[in-house]
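Colleague: Residue numbers (my numbering): 97 to 308.
Be aware that a few hints might be false.
Stated by the list, open to error - Under the rule of at most 25 Å between Cα atoms (straight-line distance), these lysine-lysine pairs were calculated in the DSS-like manner: (1) K129 - K172; (2) K129 - K297; (3) K127 - K172.
Claimed, not checked - Derived Cβ-Cβ restraints for the label pairs, each shown as a range: (4) E259 - K127: 26 to 34 Å; (5) W234 - I180: 33 to 41 Å; (6) P189 - G232: 36 to 44 Å; (7) P287 - P184: 27 to 35 Å; (8) P185 - R280: 33 to 41 Å; (9) P139 - R236: 35 to 43 Å; (10) K127 - C176: 33 to 41 Å; (11) R157 - L276: 20 to 28 Å; (12) S299 - P185: 30 to 38 Å; (13) R213 - V168: 19 to 27 Å; (14) E135 - W233: 30 to 38 Å; (15) F200 - V237: 27 to 35 Å.
Just so you know, these hints were derived from the structure itself, not from any lab. By construction, the Cβ of each residue, glycine as well, lies at the ideal position given by its N, Cα and C atoms.
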Amino acid sequence: MLQTLLSMVRVVALSLAHALGLGPEHDFFLKEKYSRVREFYGPRVLDFGAGSCRFASYLSRRGHQVTAVDVVDASKVPGCRPLICSAPPLPFPDDHFDTVISMFVLHHIQDCEPVIRELRRVTRNYLIVAEDLCEGWWDRVFTALHNGSSGWGKARESYRSREEWLRLFQSFGLRPCSTLEIPRHRTPYYPVRRGILVLEKHSPDERPSGVL
Numbered sequence: 097m098l099q100t101l102l103s104m105v106r107v108v109a110l111s112l113a114h115a116l117g118l119g120p121e122h123d124f125f126l127k128e129k130y131s132r133v134r135e136f137y138g139p140r141v142l143d144f145g146a147g148s149c150r151f152a153s154y155l156s157r158r159g160h161q162v163t164a165v166d167v168v169d170a171s172k173v174p175g176c177r178p179l180i181c182s183a184p185p186l187p188f189p190d191d192h193f194d195t196v197i198s199m200f201v202l203h204h205i206q207d208c209e210p211v212i213r214e215l216r217r218v219t220r221n222y223l224i225v226a227e228d229l230c231e232g233w234w235d236r237v238f239t240a241l242h243n244g245s246s247g248w249g250k251a252r253e254s255y256r257s258r259e260e261w262l263r264l265f266q267s268f269g270l271r272p273c274s275t276l277e278i279p280r281h282r283t284p285y286y287p288v289r290r291g292i293l294v295l296e297k298h299s300p301d302e303r304p305s306g307v308l
């Protein structure tokens, strides 16, 4: 009963957000993921877990050469189709892209470490990750709700705090160079703390810097 009630509340909040121009498909969210870390987007970009391909299309319109990859074709953009890839390894040579992005994808993957290893391999410079950040009870309640109401739901341990994500990335030779928070009020239909983590690839013999 509680699960049903919470799901209904989420649907109402989502409808209200759409009416106010704050829905998940509204351009502010695309701009948020781009404008705040624009300097780290290179000419060649891999969008891993491209989903609807709206963000891949958004980047293409801004002059980037974008390759979209996903496990299924869920594109909602005419003429923009993802490359279907169900598991590592990715079909690209080392250092093939200037920037690799993964937007709210990794927490859907039960064992994301092989994926992170591949994303690091194919980027030449940066990996940009946007993720839910479970920092307290509020975030855990809403991610659990999302977990139960979404077909993409995975185990609770798939969600991490900012520090946990950064430690994981550093263990793969990815140095944090910028971390930004997306305020909860930006997504009232899903009021969980979210962050954009910009990670720089460094060679194994380099000493990683401390967590920002």
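Colleague: Hints numbered earlier in the text: which of these fail when held up against the supplied structure?
Modeller: Violated hints (numbers, rising): 10, 12, 15; every other hint is consistent with the structure.
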